[in-house]
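J.: Hints given; two lone chains; assemble the complex.
Just so you know, the sequences run in chain order E and S. FYI, the numbering used here numbers position 154 of the first sequence as 154, with every residue one higher than the one before it. FYI, the numbering used here numbers position 40 of the second sequence as 40, with every residue one higher than the one before it.
Note that these hints are calculated values from the structure, not bench results. Nothing here was measured: the structure is a model prediction, and the numbers come from that model. Cβ coordinates follow ideal geometry from the N, Cα and C atoms, glycine included. Do not rely on the hints blindly, as some may be mistaken.
Stated by the list, open to error - What the simulated footprint calls covered on chain S by chain E, stretch by stretch (three residues with Cβ under 8 Å from a Cβ of chain E suffice, anywhere in the stretch; the number is not a length):
#, stretch
1, 34 to 41
2, 105 to 115
Claimed, not checked - Under the rule of at most 25 Å between Cα atoms (straight-line distance), these lysine-lysine pairs were calculated in the PhoX-like manner:
#, chain 1, residue 1, chain 2, residue 2
3, S, K179, S, K8
4, E, K95, S, K111
5, S, K111, S, K180
6, S, K141, E, K95
7, S, K141, E, K84
8, E, K95, S, K62
9, S, K10, E, K13
10, S, K141, S, K111
11, E, K95, S, K10
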Amino acid sequence: MQTGFLTYLNEAKAVWLRDLRSEFRTRYAINAILMFAFTTLIAVSFSLGSFRIAENDKPFLYATLLWIILVFSALSGLSRSFVKEEEARTIDILKLSANPIAVFLGKLFFNLTLLLTLEVLIVPAFVLFMGYHIQHPGYFVTMIITGGLGLGAGTTIVAAMIARANVRGALFSALSFPLLFPLMIIAMKGCEKAALAAEIAGWHEVKIALAYIVIMVTVSVMLFPIVWEE
Amino acid sequence: MAETCALKIKNIGKRFGRTILFRDISLEMNSGDVVAITGWNGSGKSTLLRIIAGLGRATIGKIEFYRNDVLQTEFDRRHFLGLVAPELNLYDELSARENLAFLMQVRGLQKDRQAIDHLLQHVGLAGWEDALYGIYSSGMKQRLKLTQALLHSPPLLLLDEPFSNLDTKGIAVVDEIIKKHRQRGMIIIASNEQREIAYADRILNLSE
Numbered sequence: 001m002q003t004g005f006l007t008y009l010n011e012a013k014a015v016w017l018r019d020l021r022s023e024f025r026t027r028y029a030i031n032a033i034l035m036f037a038f039t040t041l042i043a044v045s046f047s048l049g050s051f052r053i054a055e056n057d058k059p060f061l062y063a064t065l066l067w068i069i070l071v072f073s074a075l076s077g078l079s080r081s082f083v084k085e086e087e088a089r090t091i092d093i094l095k096l097s098a099n100p101i102a103v104f105l106g107k108l109f110f111n112l113t114l115l116l117t118l119e120v121l122i123v124p125a126f127v128l129f130m131g132y133h134i135q136h137p138g139y140f141v142t143m144i145i146t147g148g149l150g151l152g153a154g155t156t157i158v159a160a161m162i163a164r165a166n167v168r169g170a171l172f173s174a175l176s177f178p179l180l181f182p183l184m185i186i187a188m189k190g191c192e193k194a195a196l197a198a199e200i201a202g203w204h205e206v207k208i209a210l211a212y213i214v215i216m217v218t219v220s221v222m223l224f225p226i227v228w229e230e
Numbered sequence: 001m002a003e004t005c006a007l008k009i010k011n012i013g014k015r016f017g018r019t020i021l022f023r024d025i026s027l028e029m030n031s032g033d034v035v036a037i038t039g040w041n042g043s044g045k046s047t048l049l050r051i052i053a054g055l056g057r058a059t060i061g062k063i064e065f066y067r068n069d070v071l072q073t074e075f076d077r078r079h080f081l082g083l084v085a086p087e088l089n090l091y092d093e094l095s096a097r098e099n100l101a102f103l104m105q106v107r108g109l110q111k112d113r114q115a116i117d118h119l120l121q122h123v124g125l126a127g128w129e130d131a132l133y134g135i136y137s138s139g140m141k142q143r144l145k146l147t148q149a150l151l152h153s154p155p156l157l158l159l160d161e162p163f164s165n166l167d168t169k170g171i172a173v174v175d176e177i178i179k180k181h182r183q184r185g186m187i188i189i190a191s192n193e194q195r196e197i198a199y200a201d202r203i204l205n206l207s208e
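Just chain S, same shape as in the assembly (with noise of 0.2 Å):
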């Protein structure tokens, strides 16, 4: 029987100070669901990506995963989802199967030197294993974060503007692994860019 997976995000609000970013926000997710998050530049829309991947905390509200229906810890959060974002990065030290290696090892996975081969190649990557991340470009930089989110096969993919700094060969690479992905899981876009709206059932604007 496969997996099913769902989100359920209960009003969350989150505030600086005085400054409210966002209040009231709701929504449900199950496998297959692909949803949009658009709104003005600091309507927070990488904000609540963040909150939704555990880096940040909401003022108030809650966010439940479940796995076949069961309701998954906090501990396990880190198994349930994959994240994209232009402010996370990886070890600049480390090239890109050492990096890939490292976020399998601490995962608790077993380090699987054919797997990584084979994402890198699907990435678009082969042939730059052992660069060091340091001197990617801004591209293939893009590329193996995609990579590190798949790395575990988690339900939830959350994608803050996937396609920035992608050639045409990487956003079909996007592409690929959104199409393939919506099948088994969830897809939250952050994004105002049509084309990476595109791929939404839903779209949650967060300005209005």
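With the rest of the complex left out, here is chain E (with noise of 0.2 Å):
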């Protein structure tokens, strides 16, 4: 069982260094992501300026700005995946030698890969330009690695769904955004206590987007090979 699992493992790391390594040469998915990222964070931060918001509004305000940026830039790039392989004519060749399990969680490891980045590079400029105070840092950064998880986990299935459809730009926003709604919810929450002085005993926003990331995977899992025969 566990050589079965191990060997799962093994394939689905080659399916993620094989995607690092195209992205690394050519930036299909990172550079859509990271532009429309910085673009909408001068935009806000232009057009609000920290000076303009009242003290009180701030926490929640710029929990919620911070999300809309962080999973609109996800949606603009995380369908490449298998969007590419389906325009590069690879997926044949990817469905003819790889188990489906493995390709998904290479595929997912990717994603959650991109989302990593893309969080490294635009939060701290986020809390830079925003002048966003944190009272609980170690709360806030835990909410943006398990609320990014869950990005990933929750827009990987619906990347390999819509890879044959015609407007699939818009298909991947429309299939996604409800999926993520709960867990955008749950990340403003958790950032937003994380400003205030507010009582975080109980960890109760990480809790919830951990286990929204174990439900999205395990669906996932199973529906993906369905998906993929398709």
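T.: Below is the structure:
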């Protein structure tokens, strides 16, 4: 049993590393995601500016704006991992060679790598530009990481489902948004709490985000072989 | 004892909407058999190969693979066959060596640089191992497609117009591969080219 699981992981690692290598050479998805994120961040910081917002409103507003930037930036590029296979007509060689579960896990790891890169670059820039004061940095960082993992878990299966459709971009956003909405609400609430001097004992938002990740990954692993065969 | 393999295609049919592409196709093959699938353009040669490879679904009928008389699962199909087809593509942004190393790893095989270099040399791509697949000529791409199909030593080779885009040296390479492979495995060739059909012991004509 363990051997089987380790084999899946090794094959998933191969898919992940190949996607990273391809992305490093073509910058297919990361450019789309970062361009969207930075232009939105600059637009937001210019139009709002920290001095125009009342202190009481800042924790809620900043948490909302941060997650809107992260979610919509992710939606602009996360579907590329599967769409590119379809456009480059490499999907057949992958179907012929790889186990579906390994493909899903490899693509999930790749999307998570993109999201963590996005978060590492955008979140500090957002905090700096907006003058975002955080009272519980540990909780904030954990919320950002679990929110990012949830974002990857929720969008990877949708990316696989829409890869063969004609209007991929619109479909990806339309199908992802209802799935991501509960996560967005929780992540915004968690970041708002981290900015306030509020009680964070119990880490409720982080636990809910972790539960979301477990549910999404489990359902995706069960669904993906069917999506892959179609 | 040498490994035996068999393929049983039972009453396969395929239709798109109301258009019937083919129906009632049955075929049994054993180690050493070479079958050619022929037929007019649009008769479903490539579609039938894709169905056998698991890249498409038959509307009706079933396909069974046997290894040493043991029925193989759908899951094992990827270890059972290698496909060469015009619409099959490898990764443009990876070199030949990287493409093959990746395909070895996702098949659960150990990455073996020596084996890869040996295969590339065999198909006449020595010296081009580190060039990106995207800059290869169509003939070189065809040679690399042949290499990936042989990478895991599958019992069944599915060749869709195997000579396409190849020069005389490339055709000689395919000739050698087919002659060597038929000694232990099975080959299905989809083509209307007389040179390619000539390898077959049996012909399945989809236009009849």
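J.: Could you run down the list of hints and mark each one as holding or not?
T.: Hints, verified against the model:
1. 34 to 41: With 0 residues closer than 8 Å to chain E, the stretch 34 to 41 of chain S misses the three-residue bar; violated.
2. 105 to 115: With 4 residues in contact (Cβ-Cβ under 8 Å with chain E), the coverage given for the stretch 105 to 115 of chain S holds.
3. S/K179 / S/K8: 22 Å, holds
4. E/K95 / S/K111: The given pair, whose Cα atoms are some 19 Å apart, holds under the 25 Å limit.
5. S/K111 / S/K180: Between S/K111 and S/K180 the Cα gap is close to 24 Å, so the pair holds against 25 Å.
6. S/K141 / E/K95: 19 Å, holds
7. S/K141 / E/K84: 19 Å, holds
8. E/K95 / S/K62: 19 Å, holds
9. S/K10 / E/K13: This hinted pair is violated, its Cα atoms lying about 38 Å apart.
10. S/K141 / S/K111: 21 Å, holds
11. E/K95 / S/K10: 23 Å, holds
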